[in-house]
Each structure stands twice: as C-alpha cells, then as structure tokens.
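Chemist: Spelled out, the chains give:
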Amino acid sequence: MSNKNHPYHLVDASPWPILASLSALILMSGIIKWFHFYNHSLLMIGFTSMLLIMFQWWRDISREATLQGLHTYTVTMGMRWGMILFITSEVFFFISFFWSFFHNSLAPAIELGMNWPPKGIMTFNPIQIPLLNTLILLTSGITVTWAHHSLMENNYKQSTQGLMMTVILGLYFSLLQGYEYFESSFSISDAAYGSSFFVATGFHGIHVIIGTTFLAVCMARHMKNHFSQIHHFGFEAAAWYWHFVDVVWLFLYISIYWWGS
Amino acid sequence: MAPAQDKMPLTLEDLKTAPFDPRFPNQNQTRYCYQSYLDFHRCQRIRGEEYEPCNYFKRVFTSICPNEWVEKWDTQREEGTFPGNI
Amino acid sequence: MATWKSLLLQDSASPLMEQLSFFHDHTLLILVIITILVGQMMMGLFFNKYTHRYLLEGQLIELIWTILPAITLIFIALPSLRLIYILDETINPLISIKTIGHQWYWSYEYSDFKNIEFDSYLIPQTDMKNSSFRLLDVDNRMTIPYLSQVRMLISAADVIHSWTIPSLGVKVDATPGRLNQVSFTSNRTGLMFGQCSEICGANHSFMPIVVESISPKYFIKWISTMIEI
Numbered sequence: 001m002s003n004k005n006h007p008y009h010l011v012d013a014s015p016w017p018i019l020a021s022l023s024a025l026i027l028m029s030g031i032i033k034w035f036h037f038y039n040h041s042l043l044m045i046g047f048t049s050m051l052l053i054m055f056q057w058w059r060d061i062s063r064e065a066t067l068q069g070l071h072t073y074t075v076t077m078g079m080r081w082g083m084i085l086f087i088t089s090e091v092f093f094f095i096s097f098f099w100s101f102f103h104n105s106l107a108p109a110i111e112l113g114m115n116w117p118p119k120g121i122m123t124f125n126p127i128q129i130p131l132l133n134t135l136i137l138l139t140s141g142i143t144v145t146w147a148h149h150s151l152m153e154n155n156y157k158q159s160t161q162g163l164m165m166t167v168i169l170g171l172y173f174s175l176l177q178g179y180e181y182f183e184s185s186f187s188i189s190d191a192a193y194g195s196s197f198f199v200a201t202g203f204h205g206i207h208v209i210i211g212t213t214f215l216a217v218c219m220a221r222h223m224k225n226h227f228s229q230i231h232h233f234g235f236e237a238a239a240w241y242w243h244f245v246d247v248v249w250l251f252l253y254i255s256i257y258w259w260g261s
Numbered sequence: 001m002a003p004a005q006d007k008m009p010l011t012l013e014d015l016k017t018a019p020f021d022p023r024f025p026n027q028n029q030t031r032y033c034y035q036s037y038l039d040f041h042r043c044q045r046i047r048g049e050e051y052e053p054c055n056y057f058k059r060v061f062t063s064i065c066p067n068e069w070v071e072k073w074d075t076q077r078e079e080g081t082f083p084g085n086i
Numbered sequence: 001m002a003t004w005k006s007l008l009l010q011d012s013a014s015p016l017m018e019q020l021s022f023f024h025d026h027t028l029l030i031l032v033i034i035t036i037l038v039g040q041m042m043m044g045l046f047f048n049k050y051t052h053r054y055l056l057e058g059q060l061i062e063l064i065w066t067i068l069p070a071i072t073l074i075f076i077a078l079p080s081l082r083l084i085y086i087l088d089e090t091i092n093p094l095i096s097i098k099t100i101g102h103q104w105y106w107s108y109e110y111s112d113f114k115n116i117e118f119d120s121y122l123i124p125q126t127d128m129k130n131s132s133f134r135l136l137d138v139d140n141r142m143t144i145p146y147l148s149q150v151r152m153l154i155s156a157a158d159v160i161h162s163w164t165i166p167s168l169g170v171k172v173d174a175t176p177g178r179l180n181q182v183s184f185t186s187n188r189t190g191l192m193f194g195q196c197s198e199i200c201g202a203n204h205s206f207m208p209i210v211v212e213s214i215s216p217k218y219f220i221k222w223i224s225t226m227i228e229i
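Residue numbers (full-length UniProt numbering), protein chains in the order written: chain R, 1 to 261; chain V, 1 to 86; chain X, 1 to 229.
Fair warning: there could be bad hints in the mix.
Once the Cα atoms are required to be at most 20 angstroms apart in a straight line, the calculated SDA-like pairs of lysine to any residue come out as [to be verified]: (1) K5/X - Q19/X; (2) K72/V - P53/V; (3) K157/R - E111/R; (4) K119/R - P108/R; (5) K157/R - F227/R; (6) K114/X - P216/X; (7) K4/R - R63/R; (8) K16/V - P216/X; (9) K16/V - I116/X; (10) K16/V - S148/X; (11) K119/R - L131/R; (12) K157/R - A107/R; (13) K119/R - G80/V; (14) K72/V - K157/R; (15) K217/X - E13/V; (16) K58/V - N115/X; (17) K129/X - N140/X; (18) K58/V - I116/X; (19) K16/V - S224/X; (20) K16/V - L147/X; (21) K4/R - Q68/R; (22) K16/V - N92/X; (23) K129/X - L191/X; (24) K119/R - Q76/V; (25) K119/R - K58/V; (26) K221/X - T175/X; (27) K72/V - S224/X; (28) K16/V - L94/X; (29) K4/R - V75/R; (30) K171/X - L136/X; (31) K72/V - L94/X; (32) K16/V - I214/X; (33) K157/R - M219/R; (34) K16/V - I220/X; (35) K72/V - M114/R; (36) K72/V - N115/R; (37) K114/X - E68/V; (38) K72/V - V159/X.
The hints are simulated quantities; they were obtained by calculation from the structure and are not laboratory data. This structure is a prediction, so every number in the text was calculated from the model and none was measured.
Generate the whole structure from the sequences, applying the supplied hints.
Modeler: Given below as structure tokens:
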C-alpha cells in the first residue's frame, strides 16, 4: 500500500458485491411472494441478509477510509460526484410519482366523476400533523447544518448534539407519519388518490428512515472520532441526502397534502 | 336528433344528431358523453323532470355514449355509488 | 376492398382517403428521389479509385447535406400536419354511429332515433355463399347513407381493438373506458371491408368490419325496418 504512485483507491477482493446481489434476488422474490401469497417469510430472510451485508460492507468501507487512509482527496471527489448523481436519480424517481399525481389530479378521469379528491376520500387536514411534520423536517435541516459547522470548527460536543437532535427529529417524523397512516380512512387501493398518495408519501417515508439511519451511523462514527474537521465526506453525504428528503417533503406537502385536498 | 322519438315513418329530416361541441374538439369524446350525462341529471334536479329543455342533454348523451356506459351509471345512481356530482 | 394483385393503397371511397393517397404519392416521390441520389453516390464511391490522404473536413458539403435533408423533411411534414388536422376535423355530422369492440366481434349502436343495437359477426366459411368474400363478410353490416357526414364513436368492452376501413381512410383504436371519434363521408354506394387492426386475442383475425353505403332514402327504409325488429 505504501509504495503506490497514484491517488486512486484500488479496492481489495470483497465478498459483499456477490452476496448483496444474491440477497437482492432473495429480497425481490420475497416481495413478489409477499404480494401474491400474503406470506412474508422469504421477504424477512432477504431483508435480514441484506441488512447484515449492508452493515458489513459499509463497516469495511469506513475501515478503508478511516483506518487505512485509502480515501484520498481524489477518491472523495469521485464519491462526491457519485453522491450527486445518485441524488439526481432519486429526484427523477420522485418526479415520476409527482407526474402520476398531477396526471390524475389536474384532469380527473370520468371514473372518478371528474372530482379531486375523489368522492369518499377523506383527506388529511394539511394544517394538523402534516404541518407539524413540515416544521420537524425544516428544524432537522437546521440542526444538521449546525452539526456540520460544529464539525468544521472542531467542536466535538456541539456536532454530537446537532446530530443527535437531527436523528431524534427524523425518528419523530417517522413516528408521526406512522401514526397518521394508522389513522387513515383510505388505503393504497382506494382510487387513484390512495395509490398516488401512499406510493409517494410511502417512498418518502422509506427515504426518511434511510436518511435517519445514515445520520445515526454518522453519529456513531463521530463518537468514535472517525471524522476530522477537513475530512468527513460520509457526514456530508448524509447531510445532502437529508436535505434532499426535506425538499421532497416540501413538494409533497404543498402539492399532495395542501393543494390536492 | 329527432324531435319526436316515436315518430313513424321516419323521413330524411329526422336524420339529426348531437352537434360538434367546441369544448371537446379532440378525437377523445369520453368527456362529451360524460358531461352531457351529468348536465342532464343536474338539469332535472334543478328544473324538475318535466322541464323539456333538459332533454337536449339526454338526446346528446344517448347519441354519444355507449349504451353499456349509461346503464352502468344509471345502476350506480340507483345504488348511490355514482362518483360524479349531480 | 383489396382485390387481386393490388399492392398499394385501395381505391379511395372518401375525400379523406383521396387526400391520404395524394400524400402517400407525394412522399413516395420524395423517397424515390432520395434513393436515386444516395444510390448514385454510393455507386460512385464503390467504383472509383480517387483517394485523398489529407481530406479531413469539408464544412461546405456538411452544411449542404445538413440543410438539404432538413428542407426535404419540411416538405413532408407540412402536408402531413395539414392532413392530420383535416382528419381530426368534425363537421356537424348527420348521424352518429357507435361501435364497440368485443372479443371477437363488433357491435353497433344507432341511438339518434330509437335505439338500434346489433352485433356483427363473421360469416364462417361453411355458411357463406360462393360469391361472398371469405373471412371478410359479416352477418349484420353497418349501414350508412352515402354523401353524408358520419360520426363514428369507437370504444371497446374488453381489450383494445381497432376499427378500420382502408378505403375510407379510417383507423381508430377502440380502447376500453375511452370514446374515440372519427368522422368520414362515403363518396359512393357499395361495400367497404376492413379488419380489426389491433391484436386482441385468439380470434383477432376473425372480426371483420363491413360498411354498406346506400342512398339516404334507402337508409331511412333500413333504419325503419331495424326499429320494427
């Protein structure tokens, strides 16, 4: 390792790509089995193996980055671009759900009686829990920035606090969304409204949970002193992702919860 | 549209149908049919069943709508499951 | 209908199909010109011995062979656009006829007077007369008055079908839950044949369409007898 004459990271042989692919296969088969036979045993196997592999793969990456020093400046630039492109692709993923929502709501089909929301759909009041959720996410955007600036100023204590608060706010958001789903009078199979509502907010919810996990991992790494004031791209990627989830929520709130009701 | 639907024998003057409606200038006429069905029943609700001008909408939607659709919507109205606002 | 040895479009029976035929000929002419031009240049390239080691670019020729095809395309696009808007035009029609595609037959509804409904099935080979057209004739034909504006409304009950009469220049998809409109007029009396043009299942090939174009006077008689049935 010490005698290499280039800044790139040539990765070592690793079992995780093939294992992750296999567990993705099991996960997908499990989802199909769940949808068709209402049996989630295979899904749980796929999910568990996927989580275990993700944990170990990213543990290896953080060892390469922190302990082996393989993430040079050039390597982090590659990862920055990778994260930017990944988030861009996620933006388009959500654009497709907004597209279907507006397709269905701007000129509702005659099967819906040309009404939006369709008859019989009791929509959520946008100024109750959804507004609170908007505030929670906006606040968490502030706390994650606070954590970032504290990290850049070498303030260990305050960046821990900022991260802790961001994670707690993320969990609180998920809790409230779960409560609201539980209270809902309509389901994913109730007309175009239910489908577009639960697919859009559901995928957003999954992204919040992923973002919260990402931030929690960063917090754990921070407490093990993995980050320095000039080298903490893992944290920055988590913050970018969190801001992206935040922006998606604002669009969801404005168009589906507020305008769409 | 024939003014008297039961008139027999028919003559060439009876060859009349729903006119071109500039609200629906496209190939897709689904909403011309549906809107006329709504308009007829709204008209009857407001002006009563005896009000003759309402029948204009009825003639339009019988000319335009597939009979199966009208039967389906009539059943839905009877069962109270019709999704439109009448 | 298509008869023996005919390879091109059928003879037109409506003004729209006439326009479509003209457009086809116009486009084909341009196509032939392009083919001859390109073919000539290809032959020239195959059979010459000229070489030029240092010929790396030619801005003028590139400019010409970019702009010239663009202009050619405009000459195809403008008549095409004109035609597509003419085809979409609905002049106030004299009658509306609804047709619903089913697996595997067409049903027709005439609801302007009294409600007339009938199904139109293929006449199987075993039942047909020696003089009729195999796999093309139906038991109940759709009858229209000639030289009158007809509004066809096309939908489907199960899967997507497509209602087609080539000699009238008409082809419209029949989609469940959607009502498509096309308007045409027939120039003359006679029979026009067509077939379902959207793969709709096992018997897709066995749900033909027959339009019987007759004088308005006889059309009224036909309608009156249909009402009595």
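Chemist: Are the hints correct? Go through all of them and say.
Modeler: So, going through the hints one by one against the coordinates:
Of the supplied pair hints, the one linking K5/X and Q19/X is violated, its CA atoms being roughly 23 angstroms apart against a limit of 20 angstroms. This hinted pair does not check out: K72/V and P53/V have alpha carbons roughly 24 angstroms apart, beyond 20 angstroms. Under the criterion of a C-alpha separation no larger than 20 angstroms, the hint pairing K157/R with E111/R is inconsistent with the structure, at around 58 angstroms. Distance hint between K119/R and P108/R is fulfilled; the C-alpha atoms sit about 12 angstroms from each other, no more than 20 angstroms.
Our distance criterion of 20 angstroms between C-alpha atoms is met by K157/R and F227/R, whose separation comes to about 13 angstroms. About 17 angstroms separates the Cα atoms of K114/X and P216/X, which keeps this hinted pair within 20 angstroms; it holds. Under the criterion of a C-alpha separation no larger than 20 angstroms, the hint pairing K4/R with R63/R is consistent with the structure, at around 19 angstroms. For the proposed pair K16/V and P216/X, the alpha carbon gap of about 13 angstroms is at most 20 angstroms, so the pair holds.
A hinted pair counts as satisfied when its Cα atoms are at most 20 angstroms apart, and K16/V with I116/X qualifies at roughly 15 angstroms. A C-alpha spacing of about 11 angstroms is found between K16/V and S148/X, which places the hinted pair at or below 20 angstroms, so the restraint holds. Distance hint between K119/R and L131/R is unfulfilled; the C-alpha atoms sit about 24 angstroms from each other, more than 20 angstroms. Simply put, K157/R and A107/R have alpha-carbon atoms about 53 angstroms apart, too far for the 20 angstroms limit, and the pair is violated.
A C-alpha spacing of about 11 angstroms is found between K119/R and G80/V, which places the hinted pair at or below 20 angstroms, so the restraint holds. For a cut-off of 20 angstroms, the pair hint linking K72/V to K157/R is broken: about 68 angstroms separates their Cα positions. With a C-alpha separation of about 11 angstroms, the suggested pairing of K217/X with E13/V holds against the 20 angstroms cut-off. With a C-alpha separation of about 13 angstroms, the suggested pair K58/V and N115/X falls inside the 20 angstroms cut-off, and the hint holds.
Distance hint between K129/X and N140/X is fulfilled; the C-alpha atoms sit about 15 angstroms from each other, no more than 20 angstroms. Straight-line distance between C-alpha atoms of K58/V and I116/X comes to about 16 angstroms, which keeps the hinted pair within the 20 angstroms bound. As the CA atoms of K16/V and S224/X are separated by approximately 15 angstroms, the hinted pair is consistent with the 20 angstroms bound. Of the pairs offered as hints, the one joining K16/V and L147/X holds, with about 15 angstroms between alpha carbons and a cut-off of 20 angstroms not exceeded.
Restraint check for K4/R and Q68/R: the C-alpha separation of about 14 angstroms stays at or below 20 angstroms, so the hint holds. At roughly 10 angstroms between alpha-carbon atoms, K16/V and N92/X fall within 20 angstroms of each other, so this suggested pair holds. For the suggested pair K129/X and L191/X, the alpha carbons sit about 16 angstroms apart, so the restraint of at most 20 angstroms is met. Restraint check: the Cα-Cα separation between K119/R and Q76/V comes to about 13 angstroms, which is no more than 20 angstroms; the hinted pair holds.
Between the alpha carbons of K119/R and K58/V the distance comes to roughly 24 angstroms, so the proposed pair goes past 20 angstroms and is violated. Between the alpha carbons of K221/X and T175/X the distance comes to roughly 32 angstroms, so the proposed pair goes past 20 angstroms and is violated. Between K72/V and S224/X, the direct Cα distance comes to roughly 28 angstroms. Violation of the 20 angstroms bound is thereby established for this hinted pair. A C-alpha spacing of about 5 angstroms is found between K16/V and L94/X, which places the hinted pair at or below 20 angstroms, so the restraint holds.
Restraint check for K4/R and V75/R: satisfied, since their Cα atoms lie roughly 14 angstroms apart, inside the 20 angstroms limit. With a C-alpha separation of about 17 angstroms, the suggested pairing of K171/X with L136/X holds against the 20 angstroms cut-off. Using a Cα cut-off of 20 angstroms, the hinted pair K72/V and L94/X is violated, with the two alpha carbons roughly 27 angstroms apart. Simply put, K16/V and I214/X have alpha-carbon atoms about 18 angstroms apart, close enough for the 20 angstroms limit, and the pair holds.
Between K157/R and M219/R the alpha-carbon distance is near 11 angstroms, which keeps this suggested pair within the 20 angstroms criterion. Between K16/V and I220/X the CA atoms are separated by roughly 12 angstroms; this keeps the pair inside 20 angstroms, and the hint holds. Of the pairs offered as hints, the one joining K72/V and M114/R holds, with about 16 angstroms between alpha carbons and a cut-off of 20 angstroms not exceeded. For the hint linking K72/V to N115/R, the alpha-carbon distance of about 18 angstroms falls within 20 angstroms, and the restraint holds.
A distance of roughly 16 angstroms separates the Cα atoms of K114/X and E68/V; the hinted pair therefore holds under the 20 angstroms criterion. Restraint check for K72/V and V159/X: the C-alpha separation of about 18 angstroms stays at or below 20 angstroms, so the hint holds.
Going down the numbered hints, you'll see the structure goes against 1, 2, 3, 11, 12, 14, 25, 26, 27, 31, while the others check out.
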